[in-house]
Amino acid sequence: MSAISENLRITNDTKNLMAVREFMSRMIRASALPPNEENKVILAVDEAVSNIIEHGYEARIEGYIDITVDVTDEHFKIRIVDTGKNFDPERIRDPNILEHVRAGKRKGLGIFLMRQIMDEVRYIFKEGVHNELILIKYVRPPLPGAPATPPAPPGGNG
Amino acid sequence: MPEFQIKQQKLQGGVVFLAVGGFLDAHTFEQMEKKINDLFEENSYRLIVDLSKLDYISSAGAGVFIGAIGTAQENDGNIVLVNPSPNVKEVFDLLGLSQIFVFASDVNSALQQFSG
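From first to last, the protein sequence lines are chains X and E. Using the numbering used here, read the first sequence as starting at 1 and increasing by one per residue. Using the numbering used here, read the second sequence as starting at 159 and increasing by one per residue.
Looking at chain X on its own, in the form it has when it is part of the complex (with noise of 0.2 Å):
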């Protein structure tokens, strides 16, 4: 499979989340990560983007938010740039779930399903400039022994 890089802009609205989720749904039944991981990692750019239009931008305040796809044999590569407010994921903590519930917190679970999710989870502050977040899944090799690709149904011409 050869490379493939594509760009999506949207404003920081939350009604541009729908877009964001067909276009990542796009992209990654175009690559070679298994189809049960596409909700997962649909569902880990949303809250990338959830969390940059909640915290990164000022209210009433128009900004951009850039999503670029990089789709190699390798590794699936999300690299996600906003000119908001700057946000360390990296400053904050995984949650206690139980605690989490018994407190009746209903936020502060996106980051942490980020990383549960993507195999790296990178975050570049450019001040002046632009926030950006990289999140990466790596392609897994297949397991020894297994077929490189999948057989051909019985009965196929092919």
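Hints in this document: simulated from the structure, not taken from any laboratory. Please note: incorrect hints may appear among the correct ones.
[What the hints assert, rightly or not] Below, computed lysine to aspartate or glutamate pairings styled on DMTMM-like, alpha-carbon distance capped at 25 Å:
1. E:Lys247 with X:Asp66
2. X:Lys107 with E:Asp264
3. X:Lys85 with E:Asp213
4. X:Lys15 with E:Glu200
[As the list claims (entries may be wrong)] With the Cβ distance kept under 7 Å, some of the chain E side facing chain X (calculated, not the full set):
5. Gly179
6. Asp183
7. Ala184
8. Gly221
9. Ile224
10. Gly225
11. Asn236
12. Asn245
13. Leu252
14. Gly254
15. Ser256
16. Ile258
17. Val260
All C-beta atoms, glycine included, are put in the ideal place defined by N, C-alpha and C.
Starting from the structure of chain X, add chain E where the hints point.
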């Protein structure tokens, strides 16, 4: 079709059945939150939420149930979740919520959680 829908029905024993469909995310979660808060104001704390038609949930959507289950249980109620799709159940599993919420395969099994 709207991105998110909620249908409500009253069942026996003061139980309220909510069937939700579509996408429960950072854009739509306030509709779900308002519906549950309205029910709490009417002293309805026994809720069965059918998730079988819900295509997608993010942490903003799951957060509505996290924020509400404590209030329901403190008032002799609960929130029982019915028949989530594999994608929706996966999110509850990832968040570690499957140990906290009761899941039922159908409405009758969910109703049994409120009997006795």
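Cross-check of the supplied hints:
no.	hint	result
1	E:Lys247 with X:Asp66	violated (30 Å)
2	X:Lys107 with E:Asp264	violated (29 Å)
3	X:Lys85 with E:Asp213	violated (32 Å)
4	X:Lys15 with E:Glu200	violated (31 Å)
5	Gly179	violated (15 Å)
6	Asp183	holds (5 Å)
7	Ala184	holds (4 Å)
8	Gly221	holds (3 Å)
9	Ile224	holds (5 Å)
10	Gly225	holds (3 Å)
11	Asn236	violated (13 Å)
12	Asn245	holds (4 Å)
13	Leu252	holds (5 Å)
14	Gly254	holds (4 Å)
15	Ser256	violated (10 Å)
16	Ile258	holds (5 Å)
17	Val260	violated (13 Å)
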